[in-house]
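> Dock chain V against the given chain A, drawing on the hints supplied.
Sequence lines, in order, name chains A and V. Just so we're aligned, residue 4 is where the first sequence starts under this note's numbering, counting upward by one. Just so we're aligned, residue 4 is where the second sequence starts under this note's numbering, counting upward by one.
Hints listed in this document are in silico derivations from the structure and should not be mistaken for laboratory results. A hint or two may mislead.
Any copy will do: because identical chains look the same in the list, a pair fits if it lies in one copy or spans two.
Unchecked claim - Quick list of in silico lysine to any residue cross-link-like pairs, SDA-like style, CA-CA up to 25 angstroms: (1) Lys26 <-> Gly192; (2) Lys258 <-> Asn339; (3) Lys589 <-> Glu148; (4) Lys175 <-> Glu259; (5) Lys597 <-> Ser139; (6) Lys24 <-> Glu259; (7) Lys129 <-> Glu198; (8) Lys589 <-> Glu162; (9) Lys125 <-> Asn327; (10) Lys589 <-> Asp190; (11) Lys258 <-> Pro199; (12) Lys258 <-> Glu198; (13) Lys592 <-> Ile135; (14) Lys155 <-> Tyr318; (15) Lys164 <-> Tyr318; (16) Lys71 <-> Ile93; (17) Lys164 <-> Phe101; (18) Lys217 <-> Asn551; (19) Lys83 <-> Glu416; (20) Lys592 <-> Gly192; (21) Lys389 <-> Arg144; (22) Lys599 <-> Ile369; (23) Lys311 <-> Ile176; (24) Lys479 <-> Leu82; (25) Lys129 <-> His161; (26) Lys599 <-> Asn143; (27) Lys389 <-> Asp534.
Protein chains: 2
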Amino acid sequence: MLKENQEFTSIIFEPMGRRIKVKLGDNILRSALRSGIGIRNECGGIFGKCGKCKIIIKDQSNLNSPTKVERELLGESELKKGYRLACQSIIRGEVRVFVPEESKIRKRRLQIFGIKREVRLKPTIKKLHIKIPHPSIQDNRSDVERITSTIKEVYNIHELKFNLEVLRELPKIARDANWDLTITLMDDGTVISVEPRDTTNSLYGVAIDLGTSKIVASLIDLINGNLIMSNGFDNPQVIYGEDIISRITYAAIGKEQLDELKRLAVEGVNSIVTDLCKAANVDINNVYEIVLVGNTVMHHLFLGLETKYLGLSPYVPVINDQLNLRANELNIQINNGGRVYLPPVIAGFIGSDNTADLLSTNFYEIEDMSLMIDLGTNTEINLGNKDEILCCSCASGPAFEGGHIKHGMKAVEGAIEKVSINHQTYEAHYKTIGGLRPIGICGSAMIDLLAEMLKCGLIDNRGRYRNEVKTPRLRKGEFGYEYVVAWFNETDIGEDIVITQTDIAELQLAKAAIYCGCRILMKRKGIETRDIKKVFIAGAFGGYINLNNAKIIGLIPDVPTERIEFVGNAALSGAEILLKSKELRKDLKNILKKVKYVELGAQPDFNEEFLSALPFPHLKKELFPSVINLINTH
Amino acid sequence: MLKENQEFTSIIFEPMGRRIKVKLGDNILRSALRSGIGIRNECGGIFGKCGKCKIIIKDQSNLNSPTKVERELLGESELKKGYRLACQSIIRGEVRVFVPEESKIRKRRLQIFGIKREVRLKPTIKKLHIKIPHPSIQDNRSDVERITSTIKEVYNIHELKFNLEVLRELPKIARDANWDLTITLMDDGTVISVEPRDTTNSLYGVAIDLGTSKIVASLIDLINGNLIMSNGFDNPQVIYGEDIISRITYAAIGKEQLDELKRLAVEGVNSIVTDLCKAANVDINNVYEIVLVGNTVMHHLFLGLETKYLGLSPYVPVINDQLNLRANELNIQINNGGRVYLPPVIAGFIGSDNTADLLSTNFYEIEDMSLMIDLGTNTEINLGNKDEILCCSCASGPAFEGGHIKHGMKAVEGAIEKVSINHQTYEAHYKTIGGLRPIGICGSAMIDLLAEMLKCGLIDNRGRYRNEVKTPRLRKGEFGYEYVVAWFNETDIGEDIVITQTDIAELQLAKAAIYCGCRILMKRKGIETRDIKKVFIAGAFGGYINLNNAKIIGLIPDVPTERIEFVGNAALSGAEILLKSKELRKDLKNILKKVKYVELGAQPDFNEEFLSALPFPHLKKELFPSVINLINTH
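Just chain A, with the same shape it has in the complex:
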């Protein structure tokens, strides 16, 4: 037995067998995350809201009793089995915690590659090799004057400015190198680095898409424009919640919390840059610039800007202009004089990732009427062409990423990613990521499930289960009717994987939000679906969805499949282009003048359009002529 005044105890996590030291009175989720043990917590673990941090504790004598929240979210049968929510479980002494598969944070399928657009290589940073006359009693100009006049002579560049850090190391470097130097120069004439001898063939940059859950990055050789390597890491901020609203809520607690999220974002960026450089055998001091894009919340958190007002109507950012900052001012560890460029964000929920999307697809130069949908918790939609682009953000919610769905999960290993249902037997056939035993359902499979259930008549066009269909897979569960996608003995979680009536309702809200966004933009533009000549689908799970099924459920407008192109991580591609082309950066201001933000909440027809988009595929069947006949209406 532990004494009352003992401050620490240890808990053991199974099946990993890890023992960690924890404070009495702390909750299990926070203790686990602090020790690097990944337990899902889509809500950020500070609300007891998402119900994803399920753990199993057989001997609960050293824990508090289940809370009201746990009783509501877990249901009687799970409580009986020893299920608890880690965020609600207060440690009173030694406990042994079992982390079931469905609660583990797993390796995600990574969408790094995106559409590639060629641009003329003209980075903002260049290197000049110079040999400078030595100082003498006849020529006692200052070190800076000596360099400046040589550069003027040889390269015809006037008006240099020197960073203080450069001035501090210049005298020694210059003399050690016998005045044989390489000068690294910003576009505006700022000298950001001085290196001994000729290093003009070592000039690198990193493009980064700082996503809510993932940071993906590309290391680019700025001498020839080649992509050397890309990689993706989890955003370390996920320990404070997997969705953006959790981050806003956490940061709103106070400066300390905001700074913590900033620190984590910076740490994440530093890790991925270090990792890329190591893997590619590139000296990190030869990385001179980072171009970073992201949604507006990530953009603000990375900079340490208040995100509170991004979460409150009218959702205004602090700044939307581009920023060109010193890396060391942001604690970003590249070359000491290095820079971080952040292209403009467009609105509170349209970030610089959307700006980058427009660049990599060349959206703003297309003649034909085009649509781009970047699917995510917030789905950004752009509609237009070279003359004008309307854009909006839909609060599509985390349903397609696994949030608020009983067995929903992100596209990590073990997730069911494809499903078909036999129209006679109502049996399900599925495929998981990595071919593992299933532990849940990810977004692409949810689209399949809904479409298949519509096609075989398991649900009606309002999304309600038809209880007259006779199959053991359709049954009444704790949360209303549910369809069994995988039986417990096939899974790795020891229970049936189902999709419930409530889940369907959540998915309906999500798809309605997205389609409603498309529809309102079309109306504001005065066009119909048939006028759309080109559709780009971007985003992490974009490449894996079945387009026909997406049209059947009314997630995307009924545009012929051959006009639809998956562009993958178009945001990262856009960041890469911005790294390579200073001309494009200059054009940005004019490009973005074409972009008009449409605040959906302020549109008078928003409610009507949203409600009309709830049925499958839509209240107005005529909007989906190519798929409407596939739906089994009995």
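Only chain V this time, still in chain A's reference frame:
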């Protein structure tokens, strides 16, 4: 008795009665300075060279034996009395140290006020008060866009850039103040501060002259241009040596030492600014800019730039261009977005204080041929007019500031500042600063002494004592002949205050260096003394010297006294002007184009001119027609 392995002991300083803890093996000087006990150390205490850190220790059983250096510098009689040099005394256990008056660092007479020139008030920083429309669902522009467009509308200013720090605090300030804000703007459109409500009448700047031994500063109200208050502090770097070469030598040891001198300079500036603000009841956050001038070594040390090469031929600075830096990048504690402006330096030994001198005297716009001498350890000389200005720096050395002179000292309380000698009796009459009992001789009195001794024939025009003069005041001492200025019973140091043959030689070198500088500039310009229509004498001790005596010894050219003006701390005045006038800053580049630096060491006639300037007043008597007859040649 102390055990061998005991690491610390204590020493007691008298007459203060302070006990401090010290490390065994440390020297007394370093230990004292570290504890804030001021002991003179003109050489920086790392050479055992200046002999100024004399202390008396009666019981020397816990000390090392006197070193070779001590035996040379102190002489037998002093050693017998228990004199030691603090820098040479190694602590082996408890000791009781007596610090004699002449070794104490005392309050200096301060030259803060200088010539005042009127300029049109147009600071680089301005404040704008704006009332901004609140965000709404119909107007969801970002905070920055909202401010930018209001400023564009109301003040017709385009293209603002926001500091990251401002962006971080903007959302809260704006909402707390109900969008009633004051924006502080740099000339280049950078927003450096955002404050709630109307603060447009609180806008201050500080002008600073960072001298080798003193930091003097003025607090200026930038709304009306008024000087609110000036003050002066010791430069905290003096603990590492009182002259500039000691600082260069200390900084050359390594980065740690350079950084320590930087830290001390920054600390000194922060102290004086804080102090001025407190005394004037001004919120330090309403100080937005500092203009700092100083010699090139101080300029470099303040910025943390390598000073090593300023001490080695060809004495090149790292940079001579003007710099406009963020205060927080330099750890200067004013408004968080505040700036520090440093005008250009001219050469390794011609700093931005000389630039400021030229501005405050309007030297570069004068029609008549003019001369400016800024007296100090390095004496800067400018000769010219609106068309061209030649300038040079003379290594006049510390003699006139007390260095290398047996009883020499700075102009602090107790220093003899004026002397006359009766031509019949050879008796000396003196006046001390503060009317205290004398403890040494400062520069102005040294000029008087030399001139008086020349007039009454105590020395010849080569500076040699005439031993045929019969007076008890002229006697043979340990270092050759010496003249007693004050008998021991009149002084506060318990010994006679004398001027030795060696002292005279030192002063001769100093005055020859200065005159030689003037002479070479005149020759390069092709003019004679009679062509000089105006002379400015600047510098700390300038205002206190007897001009006729200065001419008798040949320190300054023989220009009629009515053409000579004391301009005091012209450098601080110049810094004040630069704080008030952004136009003058813009003109600086063109003004400095008129200034040609003459490297004396590189002049073929330097040696000849220097040697000719050694006799009193000069080898060529015709150069000093107005005073030559005052000298008693027997």
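> When Cα atoms must be at most 25 angstroms apart, do Lys589 and Glu148 count as within-copy, between-copy, both, or neither?
between (30 angstroms within a copy, 19 angstroms between copies)
> As a check of your reading, is Lys311 near Ile176 (CA-CA no more than 25 angstroms) within one copy, between copies, both or neither?
So Lys311 and Ile176 pass the 25 angstroms test across copies only (13 angstroms; inside, 46 angstroms).
> At 25 angstroms max between alpha carbons, let me know whether Lys129 reaches His161 within a copy, between copies, both or neither.
Answer is within; shortest intra-copy Cα gap is 15 angstroms, inter-copy 29 angstroms.
> Which holds for Lys125 with Asn327 at a C-alpha limit of 25 angstroms: within a copy, between copies, both or neither?
within (17 angstroms within a copy, 29 angstroms between copies)
> Given identical chains, is Lys592 near Gly192, meaning Cα to Cα at most 25 angstroms, within a copy, between copies, both, or neither?
both (21 angstroms within a copy, 18 angstroms between copies)
> Checking an output row: Lys71 and Ile93, CA cutoff 25 angstroms. Within, between, both or neither?
within (14 angstroms within a copy, 74 angstroms between copies)
> Within a copy, between copies, both or neither: which one fits Lys258 and Pro199 at a CA-CA cutoff of 25 angstroms?
between (42 angstroms within a copy, 19 angstroms between copies)
> At most 25 angstroms between alpha carbons: which applies to Lys83 and Glu416, within, between, both or neither?
Result: close neither inside a copy nor across copies, 29 angstroms intra and 89 angstroms inter.
> I want to check one pair: Lys258 and Glu198. Are their C-alpha atoms no more than 25 angstroms apart within a copy, between two copies, both, or neither?
between (39 angstroms within a copy, 19 angstroms between copies)
> Which holds for Lys217 with Asn551 at a C-alpha limit of 25 angstroms: within a copy, between copies, both or neither?
Classified as neither; 28 angstroms inside a copy, 81 angstroms across copies.
> My question is about Lys175 and Glu259: at a cut-off of 25 angstroms on alpha-carbon distance, are they close within one copy, between copies, both, or neither?
The answer is between: 15 angstroms across copies meets 25 angstroms, while 40 angstroms in one copy does not.
> With 25 angstroms as the alpha-carbon cut-off, assign the pair Lys24 and Glu259 to within, between, both or neither.
Within one copy, since 24 angstroms is at most 25 angstroms while 40 angstroms is not.
Hint compliance for this structure: hints 1, 17, 18, 19 are broken, all remaining hints hold.
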